Amino acid sequence: MAARVAAVIGGTGLVGKCLVNHLVEDPAFSSVINFVRRQPNGTAPEKLVNTVIDFDSLDSAISNLTVKPTDAFCCLGTTIKTAGSKEAFAKVDLTYVVNFAKAVHAAGI
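The sequence shown begins at 10 in our numbering and counts up by one.
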């Protein structure tokens with residue numbers, strides 16, 4: 010079986026961290042590309058590649074990857090309190106989610 014590569018967005022949140030840990034431990038995945046806004050603190054496991062991107066440019070970030078993921082996972086989510094406004098909340102919980110889905114679909118992931 011060919012090794013799989015996961016692309017994850019929202020991998021630094023509560024649910025995303027759990028997912029990323031499972032993917033890193035899963036022998037079916039050779040690597041996990043974790044799209045982040047800023048580099049997380051600490052050392053990442055060897056299979057985990059934290060890739061800093063501008064979430065407003067998801068399509069170009071995904072289409073410019075040197076390694077093509079086989080699977081995509083979206084764990085984006087926030088609260089209005091954390092986001093600061095209804096508009097910022099909608100941007101994370103709707104706009105970025107839809108844009109990620111469109112970008113991975115267009116890339117054949």
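A few of these clues could be false.
Stated by the list, open to error - Distance windows between CB atoms, simulated:
hint, residue 1, residue 2, range
1, Glu96, Asp63, 14 to 20 Å
2, Pro36, Lys90, 37 to 43 Å
3, Asn30, Ala115, 27 to 33 Å
If you are wondering where the hints come from, they were derived from the structure by calculation, not from laboratory data.
Being a predicted model, the structure only gives us computed values, none of them experimental.
In this text, a Cβ means the ideal position worked out from N, Cα and C, and glycines have one as well.
Here is what the structure says about each hint:
no., hint, result
1, Glu96 x Asp63: 14 to 20 Å, "holds (18 Å)"
2, Pro36 x Lys90: 37 to 43 Å, "holds (39 Å)"
3, Asn30 x Ala115: 27 to 33 Å, "holds (28 Å)"
Figure legend: structure checked against the earlier numbered hints; every hint is met.
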